[in-house]
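Enquirer: Here is how the chains run, residue by residue.
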Amino acid sequence: MTITQFWDRAGKWVPYEVAHGSIFSEDNSSLAFYGYDADPDQTKTAEQIGRISQKDADTWLQWYKKFKEKIEPALYSTIYNPVPENGFDAIETCYSDPALGIEPIWYVKSPIELLRDMFESEELHAHFLRTVYAWSGNQPIDNNAAGLSQFLGNFLFGMFGAVEGGTHDWAHACHKIFLANGGASFTKHEVDQVIIENGKATGVRLTNGSEVAARKLVVSTLSPEQLCFQLVGPEYFEPRTVRRIKHLSRRHIAITWYHWAVNELPHYTASDNNPVMDKCAALNLINKDPEALIREYCWRRLGKLPPELSLMVWSQSFHDKKRAPEGKYIMGSEQFVLSANQMTPLEWRDFKKQHAKDVIQHWQKFAPNMGWDNVIDFDPLTPFDTLRLSNMGPTGTWAVIDNIPSQMGKFRPVPELARHRTPVKNLYATGSAWPFTGCAMFAQGYNCYKIIAEDFDVQKPWEEDGRPF
Amino acid sequence: METKFDIIIIGAGPNGLQAGAYLSKAGEKVLILERRYECGGGLWTEETTFPGFLHSPHAVYMMMTDFAPVYGDLELEQKYGVHHIHPDLVWTMPFEDGRSLCIYKDIERTCQSIAQFSQKDAETYREFYHFTKKCVDEFIGPATYMPPAGALDQIVLLQKLEFGAEMGEWSEMNAMEIIDSKFENDRVKAMILYLTTHWGVRYDMNALGYLVLLYFNRAHNYQLVKGGSHMVAQALNKVIHENKGLVKNNQRIKRIVIEGGEARGVEMEDGVVYEAGKAIISTIDPQQTFLDLVGEENIDHEPLVNKIKNWDWEAYSLLGVHSALNERPRFSAAAANPDVNNAEIYILGYESLSDLTDYIDTVYDGGIPSKLGFNCCFPSMHDPSLAPEGGCVSQISAMMPHDLKEGGIDPWYQYKFRYEMADKCLNVLERYAPNITSDKVLQTRISTPVDCANMFANMKKGSIKQGMYQPLQMGFLRPHEDCSRHSTPVKNLYLGGSSVYPGGCVIWGPGYLAANRVAEDYNIAKWWSEPEGVRKLKELGF
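Read top to bottom, the protein sequences are chains G and X. Letter 52 of the first sequence, counting from 1, is numbered 52 in my numbering, and no numbers are missing. Letter 119 of the second sequence, counting from 1, is numbered 119 in my numbering, and no numbers are missing.
Note that these hints are calculated values from the structure, not bench results. From the three backbone atoms N, C-alpha and C, an ideal C-beta is built for every residue, glycine too. Hints may be right or wrong, so weigh each one.
Cross-link-like lysine-lysine pairs, in silico, DSBU-like; alpha carbons within 35 Å at most [to be verified]:
hint: 1; chain 1: X; residue 1: K526; chain 2: G; residue 2: K321
hint: 2; chain 1: X; residue 1: K182; chain 2: G; residue 2: K353
hint: 3; chain 1: X; residue 1: K461; chain 2: G; residue 2: K357
hint: 4; chain 1: G; residue 1: K352; chain 2: X; residue 2: K29
hint: 5; chain 1: X; residue 1: K25; chain 2: G; residue 2: K460
hint: 6; chain 1: X; residue 1: K538; chain 2: G; residue 2: K322
hint: 7; chain 1: X; residue 1: K29; chain 2: G; residue 2: K460
hint: 8; chain 1: G; residue 1: K321; chain 2: X; residue 2: K309
hint: 9; chain 1: X; residue 1: K79; chain 2: G; residue 2: K352
hint: 10; chain 1: G; residue 1: K322; chain 2: X; residue 2: K278
hint: 11; chain 1: X; residue 1: K440; chain 2: G; residue 2: K304
hint: 12; chain 1: X; residue 1: K4; chain 2: X; residue 2: K182
hint: 13; chain 1: G; residue 1: K352; chain 2: X; residue 2: K405
hint: 14; chain 1: X; residue 1: K440; chain 2: G; residue 2: K12
hint: 15; chain 1: X; residue 1: K133; chain 2: G; residue 2: K322
hint: 16; chain 1: X; residue 1: K105; chain 2: X; residue 2: K133
hint: 17; chain 1: G; residue 1: K188; chain 2: X; residue 2: K182
hint: 18; chain 1: G; residue 1: K322; chain 2: X; residue 2: K416
hint: 19; chain 1: G; residue 1: K12; chain 2: X; residue 2: K460
hint: 20; chain 1: G; residue 1: K353; chain 2: G; residue 2: K44
hint: 21; chain 1: X; residue 1: K133; chain 2: G; residue 2: K357
hint: 22; chain 1: X; residue 1: K424; chain 2: G; residue 2: K12
hint: 23; chain 1: G; residue 1: K460; chain 2: X; residue 2: K133
hint: 24; chain 1: X; residue 1: K4; chain 2: G; residue 2: K12
hint: 25; chain 1: X; residue 1: K79; chain 2: G; residue 2: K321
hint: 26; chain 1: G; residue 1: K321; chain 2: X; residue 2: K538
hint: 27; chain 1: X; residue 1: K133; chain 2: G; residue 2: K450
hint: 28; chain 1: X; residue 1: K79; chain 2: G; residue 2: K200
hint: 29; chain 1: X; residue 1: K460; chain 2: X; residue 2: K226
Just a few of them, taken from the derived set where beta-carbon distance is under 10 Å, the chain G residues facing chain X [said to hold, decoys possible]:
hint: 30; residue: W13
hint: 31; residue: I141
hint: 32; residue: A145
hint: 33; residue: F160
hint: 34; residue: E164
hint: 35; residue: K176
hint: 36; residue: K188
hint: 37; residue: K288
hint: 38; residue: F318
hint: 39; residue: Q354
hint: 40; residue: R388
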């Protein structure tokens with residue numbers, strides 16, 4: 001597949017002008033971050049932060065410069081290459097650069113601790129905590145060593161945007177290229193097991209008993225648990241690896257994504273003072289007190305639904321008119337909740353309806369026109385609905401396994417499987433539970449192919465001139 | 001970016017995909033431009049409610065599987081795993097008094113069911129069924145896959161068929177006249193009227209009688225696609241890409257490029273121009289094709305332009321209520337006939353002929369009937385792969401206006417109104433299947449006539465067939481006598497959607513015939529052979 005072939009078939013990536021922001025419930029104050037395409041030197045963003053704290057605005061600009069000059073190139077190199085067999089990856093090497101000024105204690109600080117080290121205003125703390133929470137749902141408190149990665153993760157939200165026509169368009173583009181090159185795909189054909197002969201993968205057996213032979217290799221994109229306990233069998237793995245896989249963390253990224261069809265876009269009262277808020281792409285409607293998100297997280301850890309919402313909302317309709325009929329709009333809302341297996345199907349049924357009411361009630365406090373009269377329809381996606389994809393079961397974790405430090409990068413899902421090879425010869429594994437992190441970033445499959453290319457004589461398009469990775 | 005193709009097809013619905021599959025397999029470089037994010041148009045299957053419940057919210061039933069050449073030609077079953085399900089009891093119409101009328105695959109069992117209401121009607125049904133079977137097997141079925149004959153030619157040619165004269169007489173009549181003249185029992189009449197008109201044949205409109213014969217016969221042949229309707233679209237999509245064709249989704253077309261009176265390409269809203277070395281096939285509706293994309297200034301044919309400007313859209317569309325149930329329905333009428341619990345399609349809410357005609361009259365007038373009725377089905381009862389164990393996929397499909405007399409389209413954009421309608425429909429279902437109380441409904445998704453129009457750009461006003469079935473828009477007049485044989489007065493421009501002969505409802509005719517016509521006009525070697533039924537009609541002079 002060449003880059004040209006892909007873009008010939010795929011919708012454009014459209015970056016948002018105003019990438020993310022927050023409106024705070026206490027006093028309706030607000031804060032917006034412009035996307036890097038619209039504000040390449042981040043001066044507009046600095047003005048926004050300066051409304052709250054000039055010192056924090058200066059800090060943001062310093063770190064943005066470091067991000068663009070040093071961190072971003074290292075990050076891409078890390079993401080689009082297989083993890084190293086030994087030693088440091090590009091981002092770890094980058095962190096050790098004294099010019100970045102990373103203090104040793106930051107490696108072990110929690111997200112809230114690190115933010116309090118860097119910024120003086122609570123608004124910044126609350127905003128960054130909630131924004132990057134969307135990626136991980138990790139605990140904001142305690143020493144989880146997640147502070148640095150989560151803080152730097154915020155910079156990726158400056159590239160926030162949407163696939164024109166919807167993300168499924170990119171899946172189509174890959175599939176079309178696959179078919180055109182002689183591939184064959186079959187939906188509703190569930191694989192039960194990998195066929196292993198003399199320690200080598202030779203094909204797959206379907207749940208209906210039929211078998212498909214593989215002349216060269218088999219690739220699994222299921223979860224590590226499915227790989228170990230269903231497709232292959234734990235006897236092929238070292239006992240410690242089996243224990244590690246069995247106890248992978250997969251409960252943090254339990255979210256509702258409700259998709260709303262609306263008659264008009266919400267008009268936020270905060271935009272009376274800060275007009276940019278009405279076109280903010282990923283908008284947090286939250287409490288200024290960062291402890292509110294901490295309380296939410298604690299409720300979830302207790303297996304209870306949080307009584308207060310920490311809502312993020314967005315609209316792809318800002319930049320993509322193809323997403324809705326003329327004069328109508330789509331919106332999304334996100335709230336972290338319980339894992340799929342923490343409630344029964346009937347409880348999820350009731351929750352879905354109640355949550356819709358709660359979201360609208362919360363939203364309307366910030367945008368009075370966002371009442372039920374404005375709603376055409378909604379699609380309630382919860383962790384329970386995520387079970388449609390079996391690799392996200394049984395918890396409904398969106399990234400298959402959590403994005404916690406011990407399951408990130410070269411440790412993902414466990415160090416001994418991170419380079420996509422498995423204990424079974426000719427069987428490879430990839431998917432969202434593989435490096436760098438659980439996100440649709442076209443890295444996991446690409447890196448798996450790179451490893452396959454080391455073992456088999458296949459094309460290596462990354463060796464073409466001008467390609468960085 | 002590749003911009004030069006042999007053939008460009010507008011629309012990746014069933015007809016566009018079908019034409020693309022035939023022509024790409026013939027070695028042509030085919031580009032299909034589709035507005036939606038997904039291929040298949042009405043062949044659409046998704047988990048729109050609860051996890052694991054697969055709904056096909058638009059096209060569900062395949063009526064012409066026994067005639068359509070596409071299945072055999074493209075080996076859709078053998079190579080691509082397209083399978084159909086044909087339950088023994090195809091249609092049932094339960095009544096509140098516990099009785100029911102049943103249309104089985106088997107004609108004798110059907111007649112036994114009708115005999116419970118009228119022995120005479122049962123005998124008439126048998127006789128009429130065998131007559132319509134002859135008509136469909138030997139003429140209407142094969143003729144669906146050959147270009148239309150002119151009206152006069154057809155009358156002459158029909159005389160060559162043993163049943164032709166009688167078929168011609170029935171064809172001149174309307175549905176109500178036919179049913180009134182043949183049947184006596186009110187409920188039998190109600191069911192047959194529903195079966196023969198619910199796709200949009202106005203019951204008092206003359207000269208559509210041949211459709212009544214067709215739908216009467218086809219009532220025994222409604223089939224479900226295993227795994228959901230989208231499985232057929234998937235298969236066709238694979239054929240196209242395996243043969244180096246390309247389908248582009250999320251496309252917005254600005255115009256068909258006309259140079260020297262010939263269609264040469266397609267210009268997109270973003271300025272990209274795709275060139276067509278040979279032909280452009282439009283499978284969208286005639287108003288978009290001729291008026292919006294070609295432009296009347298490029299059509300040297302005033303009667304065609306006038307007819308397209310005055311194109312009649314259907315008077316009603318469909319309201320879909322799609323639910324995930326946590327148990328299958330158990331109908332009261334099953335106490336007398338247990339088969340009722342296993343039917344493919346149910347007609348509910350009409351207790352008499354006047355219930356049905358009142359409903360239709362209200363809908364044609366833009367109103368919402370006070371007494372609701374509809375057809376519904378539960379595909380997972382026949383295809384367990386469509387729902388988790390114990391669960392049941394439910395689909396209600398009610399005739400409903402796009403433009404409401406009170407409020408126009410605005411009420412369809414109100415959440416409260418939409419789901420009040422859904423609840424009313426589910427209440428009707430509960431009346432006939434008392435176990436389907438609200439606590440058995442896990443989740444419901446509604447699809448309104450306006451939703452139809454928004455999802456599928458060619459379904460203007462929620463039109464499910466790209467234009468009303470009325471005598472001046474049927475046969476060789478669909479959409480106009482100078483383009484019903486799939487070429488148009490604009491050189492290189494062809495029509496292949498539901499608005500061209502033979503019409504809509506996923507019968508696999510327009511796309512097939514458009515591909516044939518393009519192949520003939522550009523000397524493209526046909527890798528497929530002519531269907532046997534078509535060959536026989538041609539031998540008779542058709």
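Enquirer: State for each hint whether it applies.
Expert: Tested hints:
The straight-line distance between the Cα atoms of K526/X and K321/G is roughly 41 Å, outside the 35 Å bound, and the hint therefore fails. For the suggested pair K182/X and K353/G, the alpha carbons sit about 51 Å apart, so the restraint of at most 35 Å is broken. Note on K461/X and K357/G: the hinted pairing holds, with a Cα-Cα distance of about 32 Å set against a maximum of 35 Å. With a CA separation close to 48 Å, the supplied pair K352/G and K29/X exceeds the 35 Å bound.
A threshold of 35 Å between alpha carbons decides the hint, and for K25/X with K460/G the separation of about 31 Å falls inside it, so the pair holds. For the given pair, K538/X sits about 46 Å from K322/G by alpha-carbon distance, which is inconsistent with the 35 Å threshold. Restraint check for K29/X and K460/G: the C-alpha separation of about 28 Å stays at or below 35 Å, so the hint holds. Taken as a hint, the K321/G and K309/X pair is honoured in the structure, with Cα atoms around 28 Å apart against an allowance of 35 Å.
Distance hint between K79/X and K352/G is unfulfilled; the C-alpha atoms sit about 41 Å from each other, more than 35 Å. As the CA atoms of K322/G and K278/X are separated by approximately 30 Å, the hinted pair is consistent with the 35 Å bound. A hinted pair counts as satisfied when its Cα atoms are at most 35 Å apart, and K440/X with K304/G qualifies at roughly 26 Å. Pair hint K4/X plus K182/X does not hold up; C-alpha atoms about 57 Å apart against a cutoff of 35 Å.
Proximity of K352/G to K405/X is assessed by CA-CA distance (about 34 Å); at most 35 Å being required, the pair is judged to hold. Distance check on the hinted pair: K440/X and K12/G sit about 43 Å apart at the alpha-carbon level, beyond 35 Å; violated. The straight-line distance between the Cα atoms of K133/X and K322/G is roughly 46 Å, outside the 35 Å bound, and the hint therefore fails. Proximity of K105/X to K133/X is assessed by CA-CA distance (about 13 Å); at most 35 Å being required, the pair is judged to hold.
Proximity of K188/G to K182/X is assessed by CA-CA distance (about 46 Å); at most 35 Å being required, the pair is judged violated. For the hint pairing K322/G with K416/X, the CA-to-CA distance comes to about 26 Å; that is within 35 Å, so the pair holds. Only pairs whose Cα atoms come within 35 Å are accepted, and K12/G paired with K460/X is accepted, the gap being roughly 28 Å. For the hint pairing K353/G with K44/G, the CA-to-CA distance comes to about 40 Å; that exceeds 35 Å, so the pair is violated.
Under the criterion of a C-alpha separation no larger than 35 Å, the hint pairing K133/X with K357/G is inconsistent with the structure, at around 55 Å. Between the alpha carbons of K424/X and K12/G the distance comes to roughly 43 Å, so the proposed pair goes past 35 Å and is violated. For the suggested pair K460/G and K133/X, the alpha carbons sit about 61 Å apart, so the restraint of at most 35 Å is broken. Simply put, K4/X and K12/G have alpha-carbon atoms about 21 Å apart, close enough for the 35 Å limit, and the pair holds.
For the given pair, K79/X sits about 38 Å from K321/G by alpha-carbon distance, which is inconsistent with the 35 Å threshold. For the suggested pair K321/G and K538/X, the alpha carbons sit about 50 Å apart, so the restraint of at most 35 Å is broken. With a C-alpha separation of about 61 Å, the suggested pair K133/X and K450/G falls outside the 35 Å cut-off, and the hint is violated. Proximity of K79/X to K200/G is assessed by CA-CA distance (about 29 Å); at most 35 Å being required, the pair is judged to hold.
For the proposed pair K460/X and K226/X, the alpha carbon gap of about 29 Å is at most 35 Å, so the pair holds. A hinted interface residue such as W13/G counts as satisfied when its beta carbon comes closer than 10 Å to some beta carbon of chain X; here the least separation is about 13 Å, so the hint is violated. For I141/G, the shortest C-beta to C-beta distance to chain X is roughly 33 Å, which exceeds 10 Å, and the interface hint is violated. This hint is violated: A145/G has a C-beta 35 Å from the nearest C-beta of chain X, more than the 10 Å allowed.
With a least beta-carbon distance of about 20 Å to chain X, the hint placing F160/G at the interface is violated under the 10 Å criterion. Hint status for E164/G relative to chain X: holds, with the closest Cβ pair at about 6 Å, below 10 Å. Interface hint at K176/G: satisfied, since its Cβ lies 5 Å from the closest Cβ of chain X, which is below the 10 Å cut-off. With a least beta-carbon distance of about 5 Å to chain X, the hint placing K188/G at the interface is held under the 10 Å criterion.
With its C-beta approaching chain X no nearer than about 32 Å, K288/G sits outside the 10 Å limit, and its interface hint is violated. Against a cut-off of 10 Å between C-beta atoms, the interface hint on F318/G is violated, since the closest Cβ of chain X lies about 17 Å away. For the restraint placing Q354/G at the interface with chain X, the shortest Cβ-Cβ distance is roughly 13 Å, beyond the 10 Å limit, so the hint is violated. For R388/G, the shortest C-beta to C-beta distance to chain X is roughly 5 Å, which falls under 10 Å, so the interface hint holds.
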